[in-house]
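Engineer: Chains A and B, in that order, give the protein sequences.
Using my numbering, you'd call the opening residue of the first sequence number 1 and step up by one each time.
Using my numbering, you'd call the opening residue of the second sequence number 1 and step up by one each time.
Any given hint could be a false lead.
Heads up, simulated DSBU-like pairs for lysine-lysine below, C-alpha to C-alpha not over 30 Å straight-line [stated by the list, open to error]: (1) B:K187 x A:K437; (2) A:K437 x B:K416; (3) B:K400 x A:K231.
Partial pick of chain B residues on the chain A-facing surface, computed with a CB cut under 10 Å [to be verified]: (4) E214; (5) Y342; (6) I412; (7) S499.
Source of the hints: derived by calculation from the structure; they are not laboratory data.
Small disclaimer: the values here were computed from a predicted structure and weren't measured.
For every residue, glycine included, the Cβ atom is placed at its ideal position computed from N, Cα and C.
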Amino acid sequence: MKKFITGKPAIKKSGVFRRLWPYIRQNKRHLFFAVFCAVLSVAGNLSGPVLIGHSIDYMIGVGQVDFDMVFRLILLIGFVSIIYAVFQWLLSISTTVLTNRVVRAMRAELFEKLSNLPLRFFDRTPHGEVISRFVNDIDAVSDGMMQGLSQLLSGVMTILGAIVFMLTINPTMTLVVLLSAPISFFVAKLVATNSQKMFKKQWEYVGEMNGYIEEQIGGQKVVKAFSMQEKTFEEFKALNQKLYGVGLRAQFYAAMTNPSTRYVNNITYTVVGVIASFLAISARISVGDISSFLIYSNLFLKPFNEISGVMAQIQSAITCARRVFDMLDLENQLPDDPNPAVIEHCEGHVSFKHVSFAYNPERPLIIDFNLDVAKGSKVAIVGHTGSGKTTLVNLLMRFYDVDEGTIEVDGVDIYHLTRDNLRRCFGMVLQETWLFKGSVRDNIAYGKPDATDEEIIAAAKAAHAHSFIKRLPEGYDTIITDSGENLSQGQKQLLTIARVMLVDPPMLILDEATSSIDTLTEVRIQKAFLKMIEGRTSFVIAHRLSTIRESDLILVLENGNIVESGTHQQLLEKGGSYWELYNSQFAK
Amino acid sequence: MFKLIPYFKNYKKEFILGPACKLLEAILELILPTIMALIIDNGIANRDTGYIFRMGGLMLLMATIGLVSASVCQYYGSKVSQSVGTDLRNDLFSHISKLSYTQTDNFGTSSLTNRVTNDVNQIQLAVALLIRLVIRAPFICIGALAMAMILNFQLSLILLASVPVFALILYLIISKSTPIYKKYQKKLDRAGMIIRENMSGVRVIRAFSRGEKETQRFDSANDELYRTSVRVGKISQLLNPLTSLVLNLVIVVILWFGSISINNGSFLTGEMIAYIQYVIQLSLALVVVSNLVIVFTKASASSARIFEVLETESDIVSPEQAVHAESGGDISVQFKDVSFAYSSTGDNALENISFTAKKGEVIGVIGGTGSGKTTLVNLIPRFYDATAGEVLVNGVDVRKYELDALRQRIGIVPQKAVLFSGTIADNLRWGRQDATEAQMKRALDIAQASEFVSQTADGLESRVSRGGVNFSGGQKQRLTIARAIVREPDILILDDASSALDFATDSKLRKAIAEQTTGMTVFIVSQRAHVIRDADRIIVLSDGRIAGLGTHEELMQSCEDYQQICAYQLSGEEAAS
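Next comes chain A alone, as it looks inside the complex:
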């Protein structure tokens, strides 16, 4: 049941439009309203010239102007103009609202997706690339839809109107004009396929670039320290140049749709004209008919030109929509058990049974791992760096799923619990401090948003963070910046500890959490922790032997496997790996 989750998209070839349709359908009212507005605004637009023509008909010559009729007609023209303007505006607004609703839904769905993706995805994908999909790709979708929709709607209406007018004049010639439509379409499609390939690359490079910039800004201290600005700039330039190459071609190919359809239309115009002339010579139609027919055939062809004029945006939007859907199609983490077991009050009995796990199937890391942790024990996990200590935490919290075997909490297989239920059993302090942009108060209350000020301050005091927080310019309301540069590493760690202290969880996981805290504070925190872990199961990953000496059980890991386990005394007497590790503490 615990299958391997890959980072590759599940391949689904359903067309972009079919995927987009449900989003549009959800906003049917806006779509109908837009169509309604399109009909009225096109009607206004088409009838305007006709009315003007009529009004001129009443201005035959000197002294022969029928002012009464002219006045009535120009009132009507004024009225039609207002109708046209109002409905054109409403058409734009309803397509704007429709488009924005669609992209809002897409963004929300993408974000939802993020919370369902396995950890593996976050560890492997450059974050900037993902952000780019939210920002750049979705923006392109919105641009294309906004331009495309209103053009398409009024275009279709105009075309329909024009066909009706043409049919009344001459069906055969209408046929010739209609034939040009598929040719236009075919040419546009040919150009489009080419440009789509380029657009796909273009947005991939934009994503890559986003990732690169993120990485460089994140590591700017190192970049500066090693004076590598030049070199990273060279790398960036190379990436930028690649983007230029595909961007140029994408733009150009897409921009060529317009001249190409124009060309087809101009040829159609010529052919229709020539055929009409022959028909006129053989007296099958009148010259007047030719002129009005040409006017309407022009009217028919114009929307094609206009739609192809925004083709670049539309193409780009299609590509980006596909990239968004690709991400939505990524395989989710295993869903929670639909009939989950529930642990209301966690006792803290944990056991690993025949657990095997590998990040990379070619390199097995943990094989047939067994461990039983009695409730209330203090477990210390030690071992050289890279021996798999963090992996145990990843498995325990279900950040990663085991390949084989089971893990049980209070006798319940954790795969039968909801992840939320499981994770509520643990309080975790990681080595990498994560704080978000917000006040110190909000950061501490992260696990318990409804905490009172008293509780927050009590937790901060327990974590020995209160005194430094009070010295910050705004105390508990100080905003932690993007990179948290206004706090020292140790202060950040104290905040993450206070965060866990506030939640007061049944079990604790401390991952090298106290490495950047000065000894004085650490000793105090340890006391607080000792008080907190009393009677609770705790897993401590620490390199400082002093912090784990009092553990009930010490696990010594090497290459993902437990090589020794026991109490401090037992292990020392054994004289094995632990003994070596312990003694090296004093080797100077």
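For chain A, the structure is supplied; the task is to place chain B on it using the hints.
Structural biologist: Chain B only, in chain A's frame:
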């Protein structure tokens, strides 16, 4: 927006030829109906099929020329827009890498990234449109207006009277929508920031089961984006209908006064028809112009954001007259009465720090959390500048060095181990671009990283993924230490750089550094007394001030803070053994 002009300088040819070709295409397209008229007037009237064919052929030829010139225009449009975008991105990136830490922090990562990609995209879009329409639309406007004025000057006064109205509409809409476009980009930054936090903090968020709250947070940012976008849409989309409304009303007025003129014989009906045609052409061209204006308003908001970055002068720059480093005798680093504050309003993070480090000395820096240890060493490679006092390296104020020359002498290992995507060797070459394999191996040896590097499948050529996530915390730290050592710097700064290492490795590391880097001044910042105990001199910091300075033995006698630190540690470590 006008600040963009220098970026067009290299593309003068494209800027002239592109629009010119577009104009040619437009003219050719306008002539087609005239030829058609010829066919009707001459071909049909004379029943001359040959004439009809010849003229038909001519029309096809003109359509083809039109296609070619349109292609040229489209190519130039694409080329200029993409080139300008590429140049802007290059300038932005290189400028951002010059900004100081405080400055990038003020902008925020997500905002900077968006400016390089998203905002530049907006500019590219506008430039492409500009090339395609810059001559055509105004040409038609002016042409139609001129023709109208020739036909009937008096009626054209009505047309001219509409110009201020049109200008007013344009002004109102631009001035209302520009700030909202800026707001929109800002909201986009915020959404980006939330996504970024959610990705980097995924473990914490899931551990606290806060997924739903985060979704709410994102949803509210998403809603704001939606609202801002719709709001600006409602305003900017007014431009197009208003333009046609104004012109249609102008036509109504013209029809009325025109009919009066026709009635009294000063204007002919045929002229009236032509006149109205020109006004309609003018209105169509103005609609195109108004669409252009919308794109440009959006682009100008983006352009402002781009230039906000480009015009932010880095507050840490090389001096105009850089001093070539002197050897400075045997003094390597000297702090003279240095104070420092992160912001002008905040408290001093360092106060009146003075000390001297001789060449080859090992200096330990110890003190409580937030006592200013990292801040102190950050002043040496000029990550920040002291607000008062002087920091000297080899006897010269660090502010007088060429920045690169200064940093070349320093190998710093920051607290947070940062690796870049590439191979292990690539990462080590950051320290020294021409490092030989032997030099890299030696650095790895000293940093105690040889063992795990040799265990990886490809050794030095092993891939490091972004941020080094495929290495454990301790492995990353050792690689970053090796990176600093490989450049054989005069000054090596280890800022709590071995916190994730176990004791065995940590002590081996320090031993190796002490033995193999003679002549190098080493700063070791740590929380642990035993890590810095053997240092030649130890600086004890407390709340940004020096609480003690001397050897371990001296401090044990004289410095209360140090005694306290040691007492806690010894009591902690010895109690159990």
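Engineer: Against which earlier hints does the structure fall short, listed by number upward?
Structural biologist: Going through the list in order, the structure violates no hint and respects every one.
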